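Participant: Those protein sequence lines, which keep their order, are chains A and B. Letter 251 of the first sequence, counting from 1, is numbered 275 in my numbering, and no numbers are missing. Letter 217 of the second sequence, counting from 1, is numbered 241 in my numbering, and no numbers are missing.
To be clear, the hints were calculated from the coordinates, so they are not data collected in a lab. Fair warning: this is a prediction, and the values are worked out from it, not measured in the lab. Do not rely on the hints blindly, as some may be mistaken.
Since the list gives no way to pick out one identical chain from another, each pair is judged satisfied if it fits inside one copy or across any two copies.
Claimed, not checked - Under the rule of at most 25 Å between Cα atoms (straight-line distance), these lysine-lysine pairs were calculated in the DSS-like manner: (1) 420 <-> 275; (2) 432 <-> 275; (3) 277 <-> 432; (4) 420 <-> 277; (5) 184 <-> 116; (6) 613 <-> 432; (7) 420 <-> 580; (8) 277 <-> 501; (9) 184 <-> 39; (10) 184 <-> 622; (11) 290 <-> 420; (12) 150 <-> 501.
Number of protein chains: 2
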Amino acid sequence: MSFHPIDCLEVPLDKVQITDAFWLEYQRLVKEVVVPYQWLALNDQVAEAEPSHAIENFRIAAGQSDGEFYGMVFQDSDVAKWLEAVAYLLVKNPDATLEETADQVIERVAAVQQPDGYLNTYFTVKAPELRWSNLAECHELYCAGHLIEAGVAYAQATGKNRLLEVVCKLADHIAQVFGPENGQIQGYPGHPEIELALMRLYEATGERRYLDLTRYFVEQRGTQPHFYDLEYEKRGRTSHWNIHGPAWMVKDKAYSQAHLPVALQKTAIGHAVRFVYLYAGVAHLARLSQDQEKRDVCQRLWENMTQRQMYITGSIGSQSSGEAFSCDYDLPNDTAYTETCASIGLMMFANRMLQLEADSRYGDVMERALYNTVLAGMALDGKHFFYVNPLEVHPKSIQFNHIYDHVKPVRQRWFGCACCPPNIARLLASLGSYIYTRRDDGVDINLYIGSDVEIEVEGETLRLKQSGGYPWQDTVKIELEIAKPLKTTLALRLPDWCASPQLLVNGEPLELHGYVHRGYVRLTRYWQNGDVLQLTLPMPVTRVKGNPLLRHLAGKVAIQRGPLVYCLEQADNGSELHNLQLPADAPFKLIAGSGLFKGKTLLQTQGTRVNSTQALQQPLYSFNSPPAQMQPQTLTFVPYFSWANRGEGEMRVWVDEG
Amino acid sequence: MSFHPIDCLEVPLDKVQITDAFWLEYQRLVKEVVVPYQWLALNDQVAEAEPSHAIENFRIAAGQSDGEFYGMVFQDSDVAKWLEAVAYLLVKNPDATLEETADQVIERVAAVQQPDGYLNTYFTVKAPELRWSNLAECHELYCAGHLIEAGVAYAQATGKNRLLEVVCKLADHIAQVFGPENGQIQGYPGHPEIELALMRLYEATGERRYLDLTRYFVEQRGTQPHFYDLEYEKRGRTSHWNIHGPAWMVKDKAYSQAHLPVALQKTAIGHAVRFVYLYAGVAHLARLSQDQEKRDVCQRLWENMTQRQMYITGSIGSQSSGEAFSCDYDLPNDTAYTETCASIGLMMFANRMLQLEADSRYGDVMERALYNTVLAGMALDGKHFFYVNPLEVHPKSIQFNHIYDHVKPVRQRWFGCACCPPNIARLLASLGSYIYTRRDDGVDINLYIGSDVEIEVEGETLRLKQSGGYPWQDTVKIELEIAKPLKTTLALRLPDWCASPQLLVNGEPLELHGYVHRGYVRLTRYWQNGDVLQLTLPMPVTRVKGNPLLRHLAGKVAIQRGPLVYCLEQADNGSELHNLQLPADAPFKLIAGSGLFKGKTLLQTQGTRVNSTQALQQPLYSFNSPPAQMQPQTLTFVPYFSWANRGEGEMRVWVDEG
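Start from the sequences and build out the full structure, keeping to the hints where you can.
Facilitator: Spelled out as structure tokens, the structure:
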């Protein structure tokens with residue numbers, strides 16, 4: 025098996041060099057802190073962290089160590105995501121020691137592979153006879169998917185095909201086991217992931233059978249008689265998860281988007297991560313198989329998810345139970361689940377929708393998820409993580425009211441279910457592949473991240489040098505380097521939050537009207553070497569209001585500047601954030617942050633506070649009381665992504681307008 | 025055993041005749057609908073209701089029927105509460121058929137009693153060898169308590185001592201089994217109830233050992249080494265309830281207020297019903313044993329509960345998990361648990377605190393619980409019940425968001441755990457005993473419920489004839505009938521919601537200042553036959569604000585008139601109640617209700633509504649949008665107790681002030 029990429033619209037990471045200050049710091053953090061830290065965590069060498077045992081599981085399954093499997097049935101995937109992150113790092117940061125460590129892990133992974141290609145430590149150690157007997161609950165295909173992604177990434181990064189060969193053998197085994205023929209299992213995964221992984225494998229190898237297997241999994245999903253029921257009966261009604269009652273994953277088919285065939289699904293439903301992983305795969309399949317029906321399904325579901333069920337921070341999954349969507353316009357701020365992984369999956373889905381078509385609806389959401397929830401998922405120190413990202417936190421109540429059991433007021437060192445930390449690592453390490461979409465006839469610029477990129481267009485090499493101070497400053501400069509004039513299309517996303525974008529082409533203002541299609545300015549011309557685009561995206565402090573159907577946002581306002589959603593924290597504003605009011609016309613000042621916030625822009629304005637100094641002596645309810653005594657107070661807003669880096673305290677994104 | 029009441033400050037029910045229209049309708053409902061309906065339910069003869077099997081369990085345990093025990097470990101208590109309600113009914117409503125039915129039930133109960141006095145169908149049928157082995161979890165003393173209450177009530181009502189003798193034998197058995205001596209169990213109930221029941225038995229019989237046993241249970245509670253742990257080990261770590269993990273009731277000792285000795289407890293904590301039942305018993309014990317320390321504990325906990333953790337509707341228990349209190353000032357409106365039984369227990373606790381001392385803090389809460397949550401617990405038809413009484417309901421979200429799993433948008437016919445319906449029945453049937461407190465030197469008037477009462481004071485018979493149109497009308501008239509002039513004290517509660525009470529004594533205005541002590545007007549004089557008090561409690565529509573520490577009430581207002589809290593319902597105001605705003609100065613009109621609301625006063629005012637007609641076409645979030653378009657709308661408020669009698673719809677008590 026060799027590496028023959030086809031039809032890939034992502035720019036290979038070795039062709040993108042991130043250059044801007046904001047993201048270089050994250051690149052450094054991932055390289056110097058996050059990846060080494062997570063290596064220790066996976067080896068159970070972080071004090072005070074939840075144990076992982078994930079590497080040890082591979083040792084045990086390879087027969088290199090005695091002991092018991094420990095952890096989740098999907099513990100393998102943490103190692104796979106770490107390997108994937110390492111691969112992305114190695115592209116730009118050669119590191120012989122890290123590469124050697126990764127190679128050793130890969131050998132260990134390879135040693136766990138069974139002669140027929142099967143690869144999973146849980147079943148190999150605990151119950152080899154039960155493999156492929158519980159797709160609904162047991163994540164074998166999910167783990168395989170993550171290994172496949174790692175294999176593709178590692179081959180792309182290092183040119184070493186060892187892991188790619190292992191995962192191809194695994195994928196081929198899966199293609200033998202699953203399918204419509206007699207003797208095959210007519211099933212599909214309870215937790216989608218393999219779909220998008222197989223599409224990447226298809227892109228990387230050109231082997232059509234991986235696309236065909238993806239299509240099989242997607243089209244088989246949710247058909248009747250229902251596979252989950254059939255396999256449940258076949259295995260004697262045993263169940264792996266009983267959190268919500270016996271076999272609830274089998275019974276609650278919407279939880280894993282298996283209640284209906286994909287073609288008939290109309291709303292974002294069930295487990296949010298599964299949803300975005302599945303439809304990232306479906307969108308990828310739709311593009312590479314030119315399947316208009318699947319594309320329509322993706323658009324319909326995208327629309328429901330982002331226009332009915334998404335938080336302003338680009339997060340999804342409004343309830344803890346089932347880590348799931350709830351229903352249209354039900355977006356509580358404090359009990360939200362809004363998993364970090366779900367926003368990462370949302371970016372993956374968005375990127376694939378952008379590859380189907382440059383449409384700012386997708387780019388806007390991708391940017392919103394990235395700059396808010398995904399970044400909030402990790403502490404500024406790179407060593408603490410949020411799984412759950414609420415938009416309002418009242419730490420004292422979290423201790424006592426069990427509706428908040430899933431919410432942590434500060435980031436944790438690790439998790440028993442540790443999907444999020446390595447997912448952040450691989451996302452940040454691969455950020456270069458989200459900035460641009462490469463087209464036969466041009467380039468789409470989706471994210472304004474300072475970077476030098478080299479793209480093959482019309483057989484020529486086009487270099488773009490994107491610079492600016494995004495997300496803090498409003499001007500983005502894009503300089504072209506080409507060997508000779510080139511007719512092509514540059515498409516620049518106009519963000520939804522920007523009311524009056526301005527574009528200079530070689531210093532000349534361009535009247536955008538007439539050039540904008542689906543939220544992108546599309547400029548088709550003979551470009552010359554040295555051409556310069558200067559896009560100004562004015563970033564006044566912006567008041568955001570919720571749709572009137574969002575009952576949790578009535579009377580409230582959120583503050584955004586550029587792509588960044590801001591929030592109030594107790595550290596700056598005192599406790600009882602519910603007693604703060606933001607006047608409708610209060611002017612904001614930009615404040616240069618210091619200390620932890622060095623390089624970040626904070627926002628300040630004059631607000632008011634309901635006087636509560638006597639509250640403990642006042643009755644719980646008062647009758648015909650005079651209007652609340654208000655006192656002036658400076659309100660300081662910090663970027664949401666940087667909240668909870670100063671210990672435990674209240675936080676809220678949506679503030680009462682007063 | 026005979027009936028020798030001592031020190032009872034309640035007026036016997038046969039001496040109180042309720043006369044006012046509001047409560048006569050409830051008395052009729054309890055007699056004609058609720059008690060007969062519940063008899064059918066207890067016998068599993070209500071279609072579409074959860075099965076009860078409670079009567080059948082007694083048949084089985086008595087050897088009169090074959091079959092398996094079915095239901096909760098405390099299923100017996102539903103029968104006991106029904107018998108207690110029947111007893112109260114029979115006082116004023118002789119009904120030979122009903123009494124015969126009750127006598128038959130009592131014979132069946134007696135037939136279940138074991139030779140040593142033990143009485144419990146669950147253990148007798150399922151595991152006689154395990155009796156008294158799991159006090160923490162298994163409700164034997166709780167069921168005994170309810171039977172004792174029924175026995176006392178039935179003897180008082182009918183003069184028949186059959187059940188009283190049975191429960192005395194049971195209590196004597198318990199007194200043998202439990203205590204500090206070797207060979208006795210040094211334990212106490214997981215679910216308090218027997219404490220208040222034994223105090224009633226002591227009052228009814230004058231037998232001091234019942235008070236002593238109460239004291240033992242109260243003082244043993246929460247001591248170390250911990251009884252729950254000891255019995256858990258002794259029975260081999262078996263557990264009856266695993267809802268929140270193995271033996272969670274054993275481990276989470278605060279759940280049943282057993283984490284600390286009663287003397288050291290400082291906050292309302294754990295399961296709300298257990299809390300108020302326990303402290304009703306402790307307050308009763310404090311009074312009859314002149315125990316100042318226990319009285320102080322009760323006052324401290326009362327203060328915490330009512331000034332930090334109580335809803336405006338007189339309901340308690342802000343979370344579903346553990347049916348429990350949360351922490352100070354954490355009172356969410358939509359996810360509240362606020363069990364009907366907890367407000368009934370709150371009334372029982374309040375009544376005993378009033379017996380300790382006339383203080384309007386207790387009477388105000390008793391009234392608030394009664395007219396709002398307790399009444400809301402039952403449909404106007406008497407056949408449907410709420411277990412959970414939220415202050416805000418959005419039916420569509422209840423279907424999808426599991427934080428609302430405990431909330432029903434409409435009342436149910438019955439429950440698998442059916443504690444609430446018969447509790448409402450017995451409370452309403454015994455309402456006469458909450459109106460007055462009888463003192464050696466006078467009478468406290470706690471509730472303004474039209475009634476004729478006959479009270480022995482200073483060896484004389486004092487008749488009071490209370491009349492008025494409460495809770496709709498503001499004037500209460502109290503006429504005295506006495507054979508000869510009598511020096512005594514009449515104490516009238518001045519409700520917290522009333523800003524300017526006025527009192528005429530025989531037509532002459534009395535300057536209240538100087539006569540008010542702890543919220544009661546205390547009038548000590550030689551009263552003459554025919555004296556008339558006319559208390560006017562002006563009932564303007566009142567705006568209620570939450571303490572500034574109640575974060576869920578920021579910017580919101582509730583409407584109260586007299587003792588009644590009002591709410592908005594979708595049936596009158598359309599959906600999206602969150603889009604309605606009540607201007608701070610909007611004047612209200614009183615509206616005479618019709619149909620279901622005949623005889624009830626509704627409230628109307630001009631408010632505004634955020635225009636949402638285009639909302640489905642609008643984006644989820646909008647940037648720097650113009651102020652919301654407001655349109656005028658008539659707002660109609662209905663009494664909270666009568667909500668959800670017109671099918672499913674949105675409801676909210678706390679409305680945005682605009």
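Participant: What are the numbers of the hints the structure violates, in ascending order?
Facilitator: Per hint list: 6, 8, 10 and 12 violated.
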